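Colleague: Sequence:
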Amino acid sequence: AIFQHDLKGLLAYSTISHLGLITLLLGLGSQLAAVAAIFHTVNHATFKASLFMAAGIIDHETGTRDLRKLSGLVHYMPVTATLAMVAA
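Sequential numbering of the sequence shown, starting at 1486, is according to my numbering.
Hints are supplied without guarantee of correctness; some may be wrong.
Okay, the calculated beta carbon distance ranges per label pair [claimed, not checked]:
id	residue 1	residue 2	range
1	T1547	L1513	40 to 48 Å
2	H1525	K1493	16 to 24 Å
3	I1523	R1553	34 to 42 Å
4	V1520	G1557	41 to 49 Å
5	Y1498	V1571	18 to 26 Å
6	A1534	S1556	19 to 27 Å
7	G1505	Y1561	30 to 38 Å
8	R1553	T1508	38 to 46 Å
9	D1544	V1571	31 to 39 Å
Just so you know, these hints were derived from the structure itself, not from any lab.
These figures come from a predicted structure and were not determined experimentally.
Every residue, glycine too, gets a C-beta built ideally from N, C-alpha and C.
Kindly generate the complete structure, drawing on both the sequences and the hints.
Modeller: So this is what it looks like as structure tokens:
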């Protein structure tokens, strides 16, 4: 994920990492770990959906998802950038 330049690709790599954590929690077999896995699943679905929506808006408005070309996004799209930061 360090060398990922695609905005949605970076989010997808992050999702794979989180799914590994959820699988680990479920594999522990305790009730507390299961509750934590459910909480993390709901939390992840909420914030990741928001971030994918922001990535789609950014792609639509700028015409690119390449992170190397998206400098100055806070000045170009302040509301979307702020909401993405809150979602993250």
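Colleague: Could you run down the list of hints and mark each one as holding or not?
Modeller: Verification of the supplied hints:
Range check, T1547 to L1513: about 42 Å between beta-carbon atoms, so the 40 to 48 Å window is met. At about 21 Å, the CB distance of H1525 to K1493 agrees with the hint of 16 to 24 Å. Between I1523 and R1553 the Cβ separation comes to about 37 Å, which falls inside the hinted range of 34 to 42 Å. The supplied range of 41 to 49 Å is met by V1520 and G1557, whose beta-carbon atoms lie about 42 Å from each other.
Taking the beta carbon of each, Y1498 and V1571 are about 21 Å apart, inside 18 to 26 Å as hinted. Take A1534 and S1556: their Cβ atoms lie about 26 Å apart, and the range 19 to 27 Å holds. Look at G1505 against Y1561: about 34 Å separates their beta carbons, and that is inside 30 to 38 Å. R1553 and T1508 have their C-beta atoms about 32 Å apart, which leaves the hinted 38 to 46 Å range violated.
In this structure, D1544 and V1571 break the distance hint of 31 to 39 Å, their C-beta atoms being roughly 19 Å apart.
In summary, the numbered hints that this structure violates are 8 and 9.
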